Structure formats: C-alpha cells, structure tokens
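Sequential numbering of the sequence shown, starting at 1, is according to the numbering used here.
Simulated from the structure, these hints should not be mistaken for laboratory data.
Every value quoted in this text rests on a predicted model; they were computed, and no experiment measured them.
Keep in mind that a hint or two might mislead.
Estimated spans, in silico, between C-beta atoms of each pair [as the list claims (entries may be wrong)]:
#1 P70 with E221: 49 to 57 Å
#2 Q370 with L37: 45 to 53 Å
#3 E243 with Q281: 30 to 38 Å
#4 D23 with S382: 24 to 32 Å
#5 N369 with K148: 49 to 57 Å
#6 L176 with V245: 43 to 51 Å
#7 Q142 with L177: 47 to 55 Å
#8 F116 with S20: 29 to 37 Å
#9 V245 with K72: 33 to 41 Å
#10 G39 with K100: 21 to 29 Å
Okay, derived cross-link-like pairs now, PhoX-like style, lysine-lysine, Cα gap no bigger than 25 Å in a straight line [stated by the list, open to error]:
#11 K255 with K386
#12 K69 with K15
#13 K72 with K148
#14 K120 with K148
Glycine included, C-beta positions come from ideal geometry on N, C-alpha and C.
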Amino acid sequence: MSYFKELGLAQPILKALEQSGYDTPTPIQMQSIPSLLQGRDLCGIAQTGTGKTAAFALPSLHRFATDIKPRKAYSCRMLVLSPTRELAAQIADKFRDYGKYLGLTVQCVFGGMPIFTQKKKLSVGVDILVATPGRLLDLIEQRAVTLKDVEIFVLDEADQMMDLGFIHALKRIDLLLPKQRQSLFFSATMPKAISELGNRFLNNPVRVSVAPAATTAERVEQHVTFVNQGEKQALLNHRLKDEAVERALVFTRTKHGADRVVRHLAGAGIKAAAIHGNKSQGQRTAALQGFRAGHIRILVATDIAARGIDVPGVSHVFNYELPNVPDQYVHRIGRTARAGADGIAVSFVADDERGYLKDIERLTKVKLNQIGLPEGFRQMVSEMPKPVAPPRGEQERGGRPGGRPGGRPDGRSGSGGGRKPRPAFGSPLMSRDGYGRDEIPVSARGPRDGAPQDARRQDGRNQDGRGSVNRNSAPRRDQQRSDNRGTESRGGDNRGGYEGRSGENRGGQSGGQSGGGHKRGGPSIASGKPRTDGERPRNYGPKPSGVGRFKDNVKRAR
C-alpha cells in the first residue's frame, strides 16, 4: 500500500483498496495514475488482464472525492464506454468496490435489459455511468440522459469497438461530449485505424505502452494440435477430462457451434454452459456467475467473452476454432495467466485453418508448440457419445417461439421437417400470389366435379362459408375480369355489394349462380381446356388469412 499512499489518493479509496487486498500496482497503473491525477489525457496500450480498469478508476474517484458536486438530473460526471455487456458490468462493479466509502452513484446501462428501469435511475442523475454505445444512444434519443456535464470520458477496448462496427456511434457520441474534458483511451492493439480514432478524442495525450501491440502474455504456454474438423469434439472431450484442467474457456467461431459443443460435452458427462449473442441477458449472466463461482467448470463462448472478462483461476483456454481475425487470438488467450498466474492455451487447427494460424504467428511473432494426437485417438472418435438433445420447447433469444424442433444435422439453421418444396417461380403450379396448388385448402376449392348441387347454399356459399369455384368455364383473358368488388352486373367476388350483399361469389357473372371462370379470370389449371396463344394459367390460390375479412369490414364501414 506504500505506493498508493505516496500517490496521495483519498483515504476512503485507500481503505477500500486495503479491504480488497490490492497492494501492488501493475506497470500500466504505475505509468498512468500520476499523469491522470494531473488531469492529462491518456492513450494506453496494454494487454488484457494488466489492471487497466484500476488505472483509470482510481484517479477518477480521487478527483470526485476532492471535488464534490451535486448531481444534476439526467446527467453524469464520468462516462465509460465498453464494447460488451459483460465488460460493462465488470467495470461498474470495480467502481463500486473502489468507491464504496465515497457515496458515489454508479449506474451501468446496456441492451437486453428494460430501458424504462434504466431511464428511471438516470432521471435523478449519476456520478459515474458505464454504458455500451448502442444503449447510450437510445437513451440520448429518448432524452433520458445528456452528456453536456461529462468531465471524464473513458473509451475502453477501443480496438474491439472498431471490430464490432461502433465507429459511427462513437463519432456521434464525440459530437455530444463537451470540448473541455479529460479523455482516456485504452486498447490492447493499436493499428492505424485505432490511432486515428484516438486522435479524434484526445488532446495532447500522454502515451503509455507496457507491452508491444498485439503481443501475447509471457506466462501463457501456447500449443497447437492439427486435427480434422469432424474429430475436434472427440479431442476436446479427451483434453477436458484431464485433472490438470481446473477451469477452462472454450472458444468457437459461431453461436451455433458453441451450443453444439455444449450438447456434445453433456453427452460425454462434462457439465458446461454457453455464452454468446443469441442468449438472453439473464442466461448470459447466470452462465458467467456460475463459471466464476465454480459451479460450472467449462464455459463455451464466442468472442463476446474474449475481451476484458476477468474470471480468476482460468487454467486453460481451448481454441476449438481459430479466429479469422488474428487480434482476437491475443484476447482469447489473455483470459488465462491473469494477475501473474500461469496459463495454457491449446488450439485445434483443421486443414482449412492453417492460413489463420500463419497470420497469428506472424502477428504475435511466436511459434506455437505442436502437440500430437493422443494414443488410441481413432478409437476415441468411434466411441464418442452422441450429443444430448436440447430440451423440447427451449428457444434461444431471436428464435421462433413455439417453433418445431429439428434442423439440419450439422447444427445450421434451416427449415426442418418433411415439407414439400414450393414450386419453382414461373411454374404452372405456382400462382402469382406465391401459393402452390398443393397449398390451397380443400375447403377453398369448392365441391368436386359431380358433387350434388345442394352442397351449395342458395346465397352462393358452400356449407363451410366459402364461395364456390367452378373451374369448368372461364372467360378469356381479354374479357372483363370477374373479381367484382360489389356491383350488380358482375357476380364474381361480390363481398357485400349493393344488391343483396350476396357475399363471395367466385362462380359467375351474377350473384348467387355458380357458372363462370376463376375468381380473377383466365382458364384454370383444372379446366382441361386448351389455351390459346398468349394465355397462361391463372391459379392464384386463396388469399392470405384475414385479407378477405379485412376487406369486408372496410366495405361495410363505407
């Protein structure tokens, strides 16, 4: 604690640090905190897990402790932008821990949570606001928060902001911030595009770099195993059964791939949970809390968890699939070997991923140690247990409620079941409304040929309430269409016209009789009559559900 006391931090902050057991500063903190206490802007480049959050949280809390101001409604004194929900929640928790004796209010807002509750909390004003860019702009557009009183602005994980496409949102936020402010810019990598973005926010900043850009942690042992894509699951099951794997993160490239890995692990008797963008916020929070508490030993994730998620005790990181962006590899393996601990990173590389591996080794300037397949691996593949089927009715966020289970065997989304394919566009079996003949309900086709005439009601309807369709006689295409909307002279499709409101008579030229052609004219497919040149079948099929009823109501209103 001697170093933090020498910095002159406020006594409530020192008390909180002492209770948290935080006594040794990291290199990024030793280089950043003195300049930030002087009010300078800062551009920091550091690996993940090096203590960047405390580097900007401690001097900011000291400033608020020495310069106390009343809160203003719908405003904040400090704004911290984070690319992901999990990282935003983690930063907010750190601020609450370090400033619990200062009486400051800290609020965290992100998508996936009720915006009304967030607006209510912001209405009284807050001291520190941690947010994701998308939800922050939503709140600004609804006039739930203003940025005119921001004194300190922090942009964390700026390179991931660029990867996720937040560049335009950041430019909009920059225009809303006051010119007189202290700006802090942190990133694990610093390509040219990130440097240009930093110049937009910073004013004569102090540049701090505790490690070369895009370098991996020295305490991480990096290994690679070349294996076929279809055999990766068997290899993962074998590796995770090793007792040396205390707590592991498994990274996949896709969301469906993460769920598929979890089902296979469950089939092998290995408890795991998945976290990705298709999960609801409650599911993501429960999985992350269970992983932190040790109830879940294996967490399967996409790159959503590759940034800033501080989970202590992660001994292994498995790259089930290599990322197609080399920088993501640096952040993935940065989840282990945190706070001076050692860690192991193992990558499974298929033949089509060798190019990704070369890009990673070129970026990190590290040659990965190759590990062969275990003995008896072919037998492991043949004896691999089947995956556990997902619970019936379980739907991820974004799925169709009540949808039928199934899909393709490889886990990709698609229409399952045995539905017949729709007719090709332009086929005689496809109507202009997009319905195939096989999709027309039987009740909409009217009585079959030879059916007794008393099956039709006197008002031109069948017993099921639908109009009759006589396909045996039809007007030519150049004749007037029979879809009359309610006049006396034309009987087709008379839905409540002037004479008797005879309803839906699709049959002929006068209301109530069944002679005539198809409801919109032209020979029908079932008529069997030869067509002249220039004519083509006009089997439109039934109207979409509710359309006829809507038109009936409109005409009655008129």
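Taking the hints in turn, this is what the structure says about them:
A hinted range of 49 to 57 Å holds for the C-beta pair P70 and E221, which are about 53 Å apart. Between Q370 and L37 the CB atoms are about 48 Å apart, so this pair conforms to the stated range of 45 to 53 Å. For the hinted restraint 30 to 38 Å between E243 and Q281, the CB-CB distance of approximately 34 Å keeps it satisfied. As the Cβ distance of D23 to S382 is approximately 54 Å, the hint placing it in 24 to 32 Å is violated.
Taking 49 to 57 Å as the suggested C-beta distance range, the pair N369 and K148 conforms, at roughly 54 Å. Separation of L176 from V245 is about 47 Å and conforms to the stated range, judged on CB atoms against 43 to 51 Å. Hint check: Q142 to L177, Cβ distance near 18 Å, so the stated range 47 to 55 Å is violated. Between F116 and S20 the C-beta distance comes to about 34 Å, which sits within the given range of 29 to 37 Å.
Look at V245 against K72: about 51 Å separates their beta carbons, and that is not inside 33 to 41 Å. For the pair G39 and K100, the beta carbons lie near 25 Å from each other, so the given range of 21 to 29 Å is met. For the given pair, K255 sits about 20 Å from K386 by alpha-carbon distance, which is consistent with the 25 Å threshold. Taking the CA atoms of K69 and K15, the gap is about 22 Å. The hint holds against a cut of 25 Å.
As the CA atoms of K72 and K148 are separated by approximately 11 Å, the hinted pair is consistent with the 25 Å bound. As the CA atoms of K120 and K148 are separated by approximately 19 Å, the hinted pair is consistent with the 25 Å bound.
When each numbered hint is compared with the structure, violations occur for hints 4, 7 and 9.
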